[in-house]
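Q: Keeping their order, the protein sequence lines are chains A and L.
Heads up: the first sequence runs through residues 1 to 85, numbered per this note's numbering.
Heads up: the second sequence runs through residues 1001 to 1474, numbered per this note's numbering.
Quick caveat, the hints were computed from the structure, so don't treat them as lab data.
Fair warning: there could be bad hints in the mix.
List time: in silico DMTMM-like cross-link candidates among lysine to aspartate or glutamate, alpha-carbon distance up to 25 Å [unchecked claim]:
#	chain 1	residue 1	chain 2	residue 2
1	L	K1306	L	D1275
2	A	K9	A	D23
3	L	K1076	A	E51
4	L	K1073	A	E84
5	A	K16	A	E84
6	A	K27	A	D2
7	A	K20	L	E1007
8	L	K1173	A	E66
9	L	K1076	A	E17
10	L	K1306	A	E17
11	A	K27	A	D69
12	L	K1173	A	E84
13	L	K1274	A	E66
14	L	K1071	A	E84
15	L	K1073	A	E62
16	L	K1274	A	E17
17	A	K20	A	D69
18	A	K16	A	E5
19	L	K1145	A	E62
Listed below, chain by chain, are the residues.
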Amino acid sequence: MDRNETMQKVRAFTLKELLKNPDYVLKNDEPLFSSGLIDSFAMAQVGVFIETEFNLYIPDPELTVENMDTVEQITDKILTGLAER
Amino acid sequence: MAILSLEFLLFVLATLAVYYMLAYLGAPRTVQNLILLSASYFFYSQTFLYYPLLLIAITAVDYGLAHWLHKSKSGKRAILRLGILFNIGMMAWFLIGGKALQGMIDFTKVNPLDIMPLLVLPIGMSYYALNGISYLLDINLRLAKPSTNFVDFALYLAWFPKLLNGPLERARKFLPMLAEKLIVDNETLARSLTLILVGLFRTAILGGALTLLRPALPLGDPGSHGALVLLWALVSYMIYLYNQFAGYTDIVRGVSGLFGIELTRNFNSPFFSKDFSDFWQRWHISLSQWLRDYIYMPVSRAFLRKNPSRTNIPNLIFPPLATMIASGLWHSADLNHLLWGALMGAFIVIENVRMLFRPAQAQAAIPLWRRIADKVWLAAFMGAATVPFVMDLTQARVFFRQVVKNWDGQMFDLRVAPLLLLSLLVDWIQYRNNDELTFRKWRVWARVILLAAIPLGVIVIDQLQSAPPVFVYP
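Next up, chain L with everything else stripped away, as it sits in the complex (with noise of 0.2 Å):
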């Protein structure tokens, strides 16, 4: 069910409709979660019917293994190591899996789904996994206690507006939402209308447009095209990708908020970061602060224990190596995902090595030639990375070549520049007054604009569309 189609509106609506008329008859709070896990489980079946039941499975497991881990004297260790292979391994088992079903699909031309079901790789498995991962940390690190609630804890991983593409939650912030009286004030409902609207000029108009005008065509060939072109290319898809995604975020925050729900902001106008570390608090803010909380700061701990001083060597390269393989693998595991995440990594151990020569300053004290030389190496660094994120690693050596050896002055389509320009306005004004929602206080007449326009541009588009857009992240 694409959450941009009639169907996921009349379904969030009737969800909306029994959950609220449930809160207004004062029937118990489990009976409210009770009707959303049982909503979120339809929502999941509708793209394959066992799905549900696989998540069941999943969440007894992480249940059981998070009690024993909490009653365990001596062998947490152990329990919390099992718990991690097992969500590994689930997410392991179908991201190879989905590989191997691929290979088989091209090499004899039959869809094996029918016979082998078991081998896709469900959408939002590998969020589920780490959401299920976290609970276990926490609960071994004492942040948290396991739920005694079998609904609520099945409700945090398959709660269906984050289901899917996340964000991801923590279970000690997500849990007590659950056990609270339902409360949508005003406020809350004009702020999750308002996301809702953010993300549909996002997604559904912005990525729309583009999608129509397919400005990222020329990735797909690279060997056929100039640098200019490729580069243009490269830069459409990057701000493609953002707005789909950050208008999918938005959207799904929106109506999360419509139940009482909040979910995590996941991205925060990444394009006007100051460094990388910066970028990476704005980007997918959910899942960096996950490799950040769980795999960067204890392994750099690890390593900062045995010799303290940052200057070491394997202190400033393995921790960011480690981390963003692991996050390169996460997004999908291929060689072309594992270089994206050793660049990233080798990109946050140079950044790391040049705070070492730097004299502490504040960054309104840097001088402006230097912050505008931060902007562009991060741009052209993180633009080079993405090369492998988007394309297989015999493209991307094309790509290259292409973009240093071929300035033939083919022209690119000029037309998606206003696109382009309309989605840094947008995050401009949000960074600038450094409100998500700042769009709210606009006078009464620039907003009722906003509420006809956006409407009226969703729908153009999708006429204009032949399918609404699914968007799945990775």
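If we strip away everything but chain A, and leave its shape as in the complex, we get (with noise of 0.2 Å):
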């Protein structure tokens, strides 16, 4: 799976699961979490859309604003973890 069609899997679940809202203008390098555009709460939906969209398993701890604060953020961090496997 290329970066695109990981991104573009990215941004349907982010403005149709979590902002609820899939005509918002979101950047990809938009702030998600620290910007108080989503609460911190539901960071836990990201980790298990993850487990259900792409295999993948990310540790709790590493489910962090830091980590993955933005849909580039979590792009990135979902093709590290694939190509890791």
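Got two chains here, each in a separate frame; can you build the complex from them with the hints?
A: This is the structure we're talking about:
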């Protein structure tokens, strides 16, 4: 799976499930959690989404705002995890 | 050994002298660490002679379990459960044993410490149990490998600056520092000394002055005071506790920094939080992160795997409640802390539900009135939830009854107002500059005044107190 395809899946999930607003103009480098756009309690949803969509388990201590604050960062974390598997 | 004492100062200076001399002579890092470990055990033995022995035993068990867990192919889950049970069991034994002991003292009027020292909760036990658990969990998650150096691992659990009141550290961050060559450059030295000064200002000057004025005294007898006095006492108590704890942590982080070992920041201007979630990222940060990583997230994910919808009722309710009740019981195994945890959990549930009905909006785009309303709501709830944290349930009931019914015009102690404002001002300066050591950037004359005024203030307050305060949390 290439970076673009992964990023599109992350974007779609973020808009539909986290922001609940498919029309929101979201930039790929826009801070999601640190800006208050999404509360950090939603991080667990991101973890489960990655598990189900990419069959990849990211340990809870790594699901942090520092690691996963933007669509780009989430995408990179997924790609790194898949490459290390 | 209280950290605000001459004994502690001499102990730190002596340990530093030996540590630096060994580094200068080119001694291997393991030898330096052995000295730090011996110093830590010596420090711990000053509370109770047998405590280091207990800590060595717990360390040996966690060390062995970690290696067993790492090597095991099929029994990982069972070993992990055993390890968690062992650490929680030790903590529970002493927490419940401590209560039983207190009951015995109250009932018999005889102090049974001499015959049952094994029942007294060792200070710091709650911290090194959580450190042990996170170590085992990280190994299970393959985030860390078991330490092959027993001295380093023992030092991770026993490091004296963090031994009694934290902050909680993760082995995967802490252990690599013990393997590196000792480097304490001028920048680290300056940062560490500034942290100690800020900590002294908070705990010895602000905390000490508040101790002298005793503004929280009415909380001990809520039935005899009106609403205004009680609310003022509650606010004073919160600011007092914050300065004691944050100041203590700053001092121990500074002391640790002098040895080239960086400890986690534990407080970040919590009274300027945007919302509840933000508050827990600013108050007792190392514990909040521990709870998040090892309770909230795993429980949340377990529920979400069954039903991925965030609006599903169990997903909304159980993870926050389980997390905060565990936090309450960690603070103390009694009903009022259980209630405190449940209230905190309920607040997160309410916040989560509110977030579901709010359109996605960056913090900066939220109207001012709503930001103010959020802060008022946060302050009111935190204040109410603090009541069962401070007093037992009977007194808490009296407190709330008085606050609702008794607005008799009793005047509160205004003398503490400047201290509370000063505390908030220090926080605001740090918050506004997004730098806890922003004071280092002040002009030279201002820094000289601070350098002279803080030690002087510490001495003055110390002279006014009968004994140096000993801070223990929880």
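Q: Determine for every hint whether it applies to the structure shown.
A: Okay, the hints, checked on the actual structure:
| no. | hint | result |
| --- | --- | --- |
| 1 | L:K1306 <-> L:D1275 | violated, 29 Å |
| 2 | A:K9 <-> A:D23 | holds, 16 Å |
| 3 | L:K1076 <-> A:E51 | holds, 21 Å |
| 4 | L:K1073 <-> A:E84 | holds, 20 Å |
| 5 | A:K16 <-> A:E84 | violated, 29 Å |
| 6 | A:K27 <-> A:D2 | holds, 19 Å |
| 7 | A:K20 <-> L:E1007 | violated, 59 Å |
| 8 | L:K1173 <-> A:E66 | holds, 16 Å |
| 9 | L:K1076 <-> A:E17 | violated, 34 Å |
| 10 | L:K1306 <-> A:E17 | holds, 16 Å |
| 11 | A:K27 <-> A:D69 | holds, 12 Å |
| 12 | L:K1173 <-> A:E84 | holds, 21 Å |
| 13 | L:K1274 <-> A:E66 | holds, 19 Å |
| 14 | L:K1071 <-> A:E84 | holds, 21 Å |
| 15 | L:K1073 <-> A:E62 | holds, 24 Å |
| 16 | L:K1274 <-> A:E17 | holds, 24 Å |
| 17 | A:K20 <-> A:D69 | holds, 17 Å |
| 18 | A:K16 <-> A:E5 | holds, 17 Å |
| 19 | L:K1145 <-> A:E62 | holds, 16 Å |
When held up to the earlier numbered hints, the structure conflicts with 1, 5, 7 and 9 and fits the remainder.
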